[in-house]
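Q: Sequence:
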Amino acid sequence: MDINQLMKELHVMQQSYATLFSVVNKVQTRGDEYLEILTSRQHMALIAIAHLPIESTTLINIAKKLGTTKQTANKLITGLVKKGFVKTVPSKIDKRSINIVITPEGKKALITCSEKSTYFLADMFHDFTTDEIETFWRLLQKLYRFDGEEQDGFEEQANHEVDEQMQLNDQEKILAKFSRRRYGGRNDE
1 MDINQLMKEL HVMQQSYATL FSVVNKVQTR GDEYLEILTS RQHMALIAIA HLPIESTTLI
61 NIAKKLGTTK QTANKLITGL VKKGFVKTVP SKIDKRSINI VITPEGKKAL ITCSEKSTYF
121 LADMFHDFTT DEIETFWRLL QKLYRFDGEE QDGFEEQANH EVDEQMQLND QEKILAKFSR
181 RRYGGRNDE
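Residues in the sequence shown are numbered consecutively from 1, following our numbering.
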């Protein structure tokens, strides 16, 4: 066992941890600026709700999807309830439980913020190749599993319906702007 190699590994791990902590805070703060009407965490909470089956939108399931505690998820949901973006309803499956439902105003906020977050991602990953982004994602997934728990990701389709023609038109417009920002100059409109 080479002590110098161990010291180097420990140093790189410490620097990686400190950098990860700083990056998460910076990304969250900048994301909040882009989104305006929601915080990044509130936006992710709405996305988590949208990616859960309607009968499974409990605080515990939302917390699991976000990789956080039930208490933290409760704070996020309370803020969204106050803004009128979600409401609580009794569970049809378990009478002791409640489900969180996105309101029509919440759907509007989710759509608006999802568009803005697309531009944020284009700007944030502007200097990354697609291969680098894919490698980064795999490494983040591997890091998430450090304690043996798999990430309950967002790969599946959301369960909220949007007018298909409107969605296609908006999607084309958003992707064109995304492309200009990602592959053009910084913040290229």
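Some hints here could point you the wrong way.
As the list claims (entries may be wrong) - Straight-line C-alpha distance at most 20 Å; calculated EDC-like pairs for lysine to aspartate or glutamate: (1) Lys-70 to Asp-170; (2) Lys-26 to Asp-127; (3) Lys-83 to Asp-127; (4) Lys-116 to Glu-36; (5) Lys-75 to Glu-36; (6) Lys-82 to Asp-152; (7) Lys-116 to Asp-2.
Unchecked claim - Label pairs and their computed distance ranges (CB to CB): (8) Arg-138 to Ile-174: 23 to 29 Å; (9) Val-89 to Glu-172: 52 to 58 Å; (10) Glu-33 to Asp-94: 16 to 22 Å; (11) Tyr-183 to Glu-9: 35 to 41 Å; (12) Val-23 to Asp-147: 18 to 24 Å; (13) Glu-149 to Val-101: 39 to 45 Å; (14) Leu-6 to Glu-172: 52 to 58 Å; (15) Ser-22 to Leu-121: 34 to 40 Å; (16) Lys-26 to Gln-141: 18 to 24 Å; (17) Ile-93 to Ile-174: 32 to 38 Å; (18) Glu-36 to Lys-173: 26 to 32 Å; (19) Thr-88 to Ala-18: 24 to 30 Å; (20) Gln-141 to Lys-8: 22 to 28 Å.
Bear in mind the hints are in silico, worked out from the structure with no lab data behind them. Values in this document were obtained by computation on a predicted structure and should not be read as measured data. Every residue, glycine too, gets a C-beta built ideally from N, C-alpha and C.
Q: Determine for every hint whether it applies to the structure shown.
A: Each hint tested on the structure:
Annotation: proposed proximity of Lys-70 to Asp-170 is violated, straight-line Cα distance about 35 Å (limit 20 Å). Straight-line distance between C-alpha atoms of Lys-26 and Asp-127 comes to about 17 Å, which keeps the hinted pair within the 20 Å bound. As the CA atoms of Lys-83 and Asp-127 are separated by approximately 36 Å, the hinted pair breaks the 20 Å bound. Restraint check for Lys-116 and Glu-36: the C-alpha separation of about 9 Å stays at or below 20 Å, so the hint holds.
As the CA atoms of Lys-75 and Glu-36 are separated by approximately 19 Å, the hinted pair is consistent with the 20 Å bound. Proposed proximity of Lys-82 and Asp-152 is contradicted: the alpha carbons are some 27 Å apart, above 20 Å. Between Lys-116 and Asp-2 the CA atoms are separated by roughly 49 Å; this puts the pair beyond 20 Å, and the hint is violated. Restraint check, Arg-138 to Ile-174: a C-beta distance of roughly 26 Å satisfies the suggested window 23 to 29 Å.
Checked against the given bound of 52 to 58 Å, the beta carbons of Val-89 and Glu-172, roughly 35 Å apart, lie outside it. Between Glu-33 and Asp-94 the C-beta distance comes to about 39 Å, which lies outside the given range of 16 to 22 Å. In this structure the hint that Tyr-183 and Glu-9 lie 35 to 41 Å apart at CB holds, the actual value being about 37 Å. A hinted range of 18 to 24 Å for the beta carbons of Val-23 and Asp-147 is consistent with their spacing of about 20 Å.
Taken as a hint, the range 39 to 45 Å is violated for the pair Glu-149 and Val-101, whose Cβ atoms sit roughly 27 Å apart. As the Cβ distance of Leu-6 to Glu-172 is approximately 54 Å, the hint placing it in 52 to 58 Å holds. At about 19 Å, the beta-carbon gap between Ser-22 and Leu-121 misses the expected band of 34 to 40 Å. Lys-26 and Gln-141 have their C-beta atoms about 21 Å apart, which keeps the hinted 18 to 24 Å range intact.
For the pair Ile-93 and Ile-174, the supplied restraint of 32 to 38 Å holds, since their beta-carbon distance comes to about 36 Å. The hinted window of 26 to 32 Å between Glu-36 and Lys-173 is violated, with their beta carbons roughly 19 Å apart. In this structure the supplied range 24 to 30 Å is violated for Thr-88 paired with Ala-18, their Cβ-Cβ distance being about 38 Å. Between Gln-141 and Lys-8, the C-beta spacing of about 25 Å keeps the proposed range 22 to 28 Å intact.
When the structure is compared with the earlier hints, violations turn up for hints 1, 3, 6, 7, 9, 10, 13, 15, 18, 19 and for no others.
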